[in-house]
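Enquirer: With chain A fixed as given, assemble chain B onto it according to the hints.
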Amino acid sequence: MAVGNEEQSHKAHRSRQAGPSAKKGKSSKKKGNKSDAKNQNPKAFAFNSNVKAKRLQSRAVEKEQRRLHVPAIDRTTGDPAPYVVVVHGPSKVGKSLLIKCLVKHYTKHNLPEVRGPITIVSGKQRRLQFVECPNDIPGMIDCAKFADLVLLLIDGSYGFEMETFEFLNILQNHGFPRIMGVLTHLDKFKDVKKLKKTKKQLKHRFWTEIYDGAKLFYLSGLIHGKYPKREVHNLARFISVMKFPHLSWRTSHPYILVDRFEDVTSPERVQQNKKCDRNVILYGYLRGCNLKKGSKVHIAGVGDFSLTGITTLVDPCPLPSAAKKKGLRDKEKLFYAPMSGLGDLLYDKDAVYININDHFVQFSKTDDENGGLTQKGKDRDVGEALVRSLQNTKYSIDEKLEKSFINLFGGKLNISSESVDCVQNSSGGYEKIHEENTSDHYRYEDSETDESEENIGNPNNTDVSGASVKKKAVKEFATSKTQLNLSDDEQNDLSDEEVPSRNNLKEHIEIYDGRPRRRAISDMDVDYNDAKDSNDEDKDDDHGDDEDKDDDDDTGDKSYFGSNSSNREGHEGSLEEVEKGNASKWRDSLLERMTLRQHTNLAQLVYGTSKSVPDVSYSQEHIGDEESEDDDFFKPKGQGGKRKLTEGVDADNVNADDCSKFTNSSSLKDWKNEELIKMIRDRFVTGDWSKAARRSQLSKAGSGSDVSDSDNDDAVYGEFEDLETGETYKGHHTVTGNNDALHKEDDSIIEERRLKKLALHEEGNGETGEKFHRSRANESGFFEKMKEEVELQKQMNLAELNDLDEATRIDIEGFRTGNYVRLEIHAVPCEMVEYFDPCHPILVGGIGLGEENVGYMQVKIKRHRWHKKVLKTRDPIIVSMGWRRYQTIPVYAVEDNNGRLRMIKYTPEHLHCLAMFYGPLAPPKTGVVAFQNLSNYQASFRIMATAVVLEFNHAAHIVKKIKLVGYPCKIFKKTALIKDMFTSDLEIARFEGAAVKTVSGIRGQVKKAAKQEIGSEPRKKGGIPREGIARCTFEDKILMSDIVFLRAWTQVEIPRFFNPLTTALQPHEQTWQGMKTVAELRKEHNLPIPVNKDSLYKPIERKLRKFNPLVIPKSLQAALPFASKPKEIPSSRKPLLESQRAVVMERHEREVHKLIQHYQLLQKAKVEKRKHKDAEKRRALEAERAKEQQVSRKRQREERRERYREQEKLKKIRKASDA
Amino acid sequence: MERICDDCIVKINETGTKVKYKPGIVNGGKRLEHDCGVSRSIGYFLEPLLVLGLFAKNPLSIRLKGITNDSKDPSIDTFMSTTLALLRRFGVPSEGLELKIECRGVPPRGGGAVVLSVPIVRTSLTPVIWTDEGMVKRIRGVTFSTRVSTQFELSMIHSARGVFNRLLPDVHISTDHKVGEQAGNSPGYGISLVAETTSGCFISADTAISYGIREETGEIEDDDRKDLMPAEDVGNQIASILLEEIEQGGVVDSTHHGLLFLLCALCPQDISKVRVGKLSPYGIQSLKLIRDFLGVKFDIKPDPASGTVILKCIGLSFRISSERTTWSNEMQTSKLACWNNLFSDTSLQTSKPITNCWLICRLTMLDGYNGQAILKMCC
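Chain order of the listed sequences is A and B.
Residue numbering for the first sequence is 1 to 1219, as defined by UniProt numbering.
Residue numbering for the second sequence is 1 to 379, as defined by UniProt numbering.
Here chain A stands alone, though its shape is the one from the complex (with noise of 0.2 Å):
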């Protein structure tokens, strides 16, 4: 094969001769010839060995395996919240300018002033939610905890800033969202090289901080006071291509970022108390997890609460549904932004405000509209539908209106004719006044009467016919309508641009600034009421087919609002009705429900408080009975009895053994019957296997079909006993058992395929972007294997949750991510509302399990390389972890070989080390920053250490070293009695047996305790017993003057002290202030450093010791030898001869001696005058010189500084020359 390649020619490349790629060619290849000596000896490169190959080849395979992450399950469905963007930047760098370009690019609005979330439709499938980061540390740290991506804005002329970098810190230590840098300001660079160096340097920069390749985005200037719209749209291209990460810590929180607020505290409470707790509201979308009903949120900045409320709402942003469109239409590009003002709704403290265009304040017609309608009908909104089949309701609105005008005179039951006639001559009053209200302005009022008046000038509703009806359903009807057509038309006008909350607010139009502006006071209950109205009436139109019936209808809706609790009653009413029409259709209604009730009361059964409601389900089961045989005839075998049986169970368990058993022993059954054997004969292996396949098959029918689809119904209820003849019909036929088996055993094989090929589905839909440069094949297929299974999971969930209806869902899985959502917190401090501020955004985090308790908890810390100082043990620190941020005090220490948590006063210098401290617990592996000052006047880097969680306890057991000292009082051979060690009797108990040892070296152990006697002067002796002296034995006889250390670790105590970070509560402006660290205190009040003076180092001092001289005794000198025994020199020896003799000199040697004793002199004085000469000498040439310097170097300064002068002069002429 190697032959016939050689073999094989191909034409040979021709590279260019000429041109510029020619030169390119060149110099490319000179680089890389000179770069690499790869290319000159490819060979020598390759595998010599098959270690070394296996070696690479296991490397490349564990950089593969390192790449991947374990797939999570991803829990959202539905349409995903929108992804926040925050920007952030230092202060004048461009951050609100920047959102505005990009709304306006978005949405071709110019946004007047950036204040808090701003939600758009940046495309068909995605929406975004703008954020501007506030420039303070609390702002954020909340900001980094739900940014999906975040625009790091830097002006480009003045480089980076400590506020980007500690923003950087923080988002790595939450979660990393995705990251994009911005260069803003680049239109200052006047030198086109520098500017191109400066990106370059800032690049490299960024991308150190990130990683190498992360997008740093370039906005080279303005244009009429904008960004230039290519870039913006460059940039927002980026934006929309983005894929956003799951960050485990917000996967498995919920949490939502309010994009709107309001406090609806009554009035007169706040009246009454200015500083009362208020009640607020809180809205926003849902996101990270699914939102239980029962669990508590923590307000970032104010604290923790429990949820008083929470429903869903109507999203105000809704995603353009996903018809077969190109692109978005300009009426679908959508934002929200309420606290900017914005998006049709302006945020005010006590009200919000919704703008309507003028030309789009017009009535919908709606009788006329009706062909077209239905056909658009997929594009609009549920609300919408339901108000438009409202609006064709069968029952004329005259009556409604009639009977409104009953309700504005209030005491009167009755009306009679002339009444009528009132009402038609007022009608016609009202008309005028709607001419009025459509020339420009409307006025609605809060209370009912005014909107059924306003109803009522309503052109359309002139008919009168006399009715007496009774007063109250009419009111509540009257009203429903009109507040349902009042939405209607505005429905029509904004058709897209609809008001978010419609089912809670009151609306309330006054004029303002010459423009229609309605306030919304949201009042939940009116509309409650209103909208299980609205529901039964509909429910009343698909059951009423004829027109006769209309009065038929109105008792029917009489009896709804006449009891509460009317289920029943209506349910009769509509049998009644419904007799005389379909017969089959009423049937699968009514098994509907019956099925529907039936579920509920097993759960109520079991969850229900008290036992009032099993009883009445079991009278109404009873009423069913006496009523229909039909009813009976639908119940379901072995229904009845169990109810039964549950309920007694019920009753009587509250005083029952607490025991898991339940027997009933009483009751058992003669299981030798043949007839019984033969009941459960198919539950054994030996039994009919085709019958246990139906029953499988069976149950997994009925199991599926509770969304009650007709078709399954079918299924479930095949099977019915008739009760008067006793033969049971089934629903299917059985040909052969074990063809039946094989069925099932196919259902449930076709079953999983099914799953497994949706998950792929959507295993391709998400990650095609991902996979495009990755080869399938290299995937390791452990990895793949999970990821199907993780996917598996994900569909089998959404088949299951599928299945039930809304309410339960919401039971057992809560509210689900993405969904709008109105929060609902009562007890919040004044301060909150008092000192909020719409540019600073609200988190609202959900806590997990056991995060609201406190505890200690374990992190591992370090200190952050820019922050200048060592940390101190029990200074206090601010942490941000989880959602929270409080400050607490930790104790740092360091784990031993053994184990041991031994505490440290100072953290080391590049090492990480422990922390433990007190506050809300978090779970192991969350992400932790501290910092010790928050404002924003200092200079240095704030962030002071990072760490991470690594567990938490109710205890600490840090410990620390602690020496005992003693002193011996009284020495025996080896054993040595030590006061001051103890200082009780119980005391040394407790330390028996612990190791001593002394200054040294000696080494000994604790004993007991000294006899009183022994210890102390003997009581004879008048001595006072003493306690705490311990008998020590040592390895060999101590000193007196030895100092005898006991070694031993004793716990430290953590501080039990956390303060949460309150920053909502006060002015933003102000910085926060918590506990001060001992040194600020210090400082301020001046007070100097407390000294011990025994911890001082002072120079040691030996005094030399004076030892007697050496005794031998006399019989051991007498066993030495002679050489070693000292020699005795007898004392009482005279002199020597030499020094006693006195020499006697000549006469000519004595004066030669004298003599040269006067020169020895005479010498002597001249060298010491000649030094002493040389000495001054020096002294005064130093002096002079040192005079000389000073002169000359402050010449040459001047010199330098003329030059300087001189050169930058002439450069700036060069400059403007070059200019």
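Heads up, a few of these hints could be off.
[Said to hold, decoys possible] Taking lysine to aspartate or glutamate and the DMTMM-like style, the derived pairs with C-alpha atoms no more than 20 Å apart in a straight line are: (1) K963/A to E992/A; (2) K296/A to E852/A; (3) K273/B to D1094/A; (4) K961/A to D980/A; (5) K274/A to E834/A; (6) K293/A to D304/A; (7) K273/B to E800/A; (8) K1211/A to E1199/A; (9) K273/B to D811/A; (10) K296/A to D292/B; (11) K1007/A to D985/A; (12) K197/A to D155/A; (13) K1171/A to E1182/A; (14) K1173/A to E1184/A; (15) K974/A to D1036/A; (16) K273/B to D805/A; (17) K905/A to E895/A; (18) K293/A to D292/B; (19) K961/A to D1094/A; (20) K273/B to E789/A; (21) K273/B to E806/A; (22) K1134/A to E1101/A; (23) K1008/A to D985/A; (24) K288/B to D811/A; (25) K273/B to D132/B; (26) K1194/A to E1176/A; (27) K178/B to D292/B.
No lab work stands behind these hints: they were computed from the structure.
Expert: Chain B in isolation, oriented as in the chain A frame:
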């Protein structure tokens, strides 16, 4: 409980009508010992201990002393055969999950001892979708006798087999006759039966329906002798009860309802779906407790066709929150750990005096997060 937990306080006032419980840290640990007393059998303690052990910091191994078999609580044999299998179904690693009978003891004087070792779940349990109860494939069982003749066992086996004979050939009941030290302090005998099922096509073989033991003590010196049941009747009765359980359908027997629901609730945030027969009062009670403490609500639907109930829930994604990240070189063997952390102080009020403080053990497994829940407890 205080042995495996740290920083938890159980206070019972003098009259015994009030329990104050401050939960703490589940520590786990090796070679622990506890004397369960003779008022309730070990099975009563085992159930909560299993779940606590799963979420402790360290693998738990504990020797429990007391009554191994009695008529009120599930017996040790049932635990061995069924409960452990149930745990395995939820993804509990099977190595380390062990229950050993050292000696048997029956009331009134006990004297039995078992060694329980429970591994910890590393990440979390696995959710189950478990609705196919299958058909009974085989029936296994164990009889035991302590300080009485083997003849009792044989007659029990004989009578039990008599019941099953017409239904299933594959019935195998072994005997466990204890003598001497291993026989405990009181004489007695008993039986435990397990029916193992399969779905029709031998796909899943793991399904187990079991029934626990019912056992009468032969107290020779007491005057209770009159209601002593003959061995034949015991065998007969147990077999009948087992059949009744089988008839009810459901994937576990009524004894294990509570445990099953609890495990479902502790699963990760995926859906668990189980089918059970008629809800037992204990099951209902535990459902309520789970709702109160863990905040997990089940979707309960009766399945009229088979007379069973299908329960669905989404787990809590419970995990060992205190597990140390493997940072330090050596894991400390007896370090404190905590999984579940206290609702501040819950006072439990009961109408009757509490005789046994260990009853709270049961509540710990459910203890959770919203501390305001006040328990209605029956004692």
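Enquirer: Please list, smallest to largest, the hint numbers that this structure does not respect.
Expert: 3, 22, 26, 27
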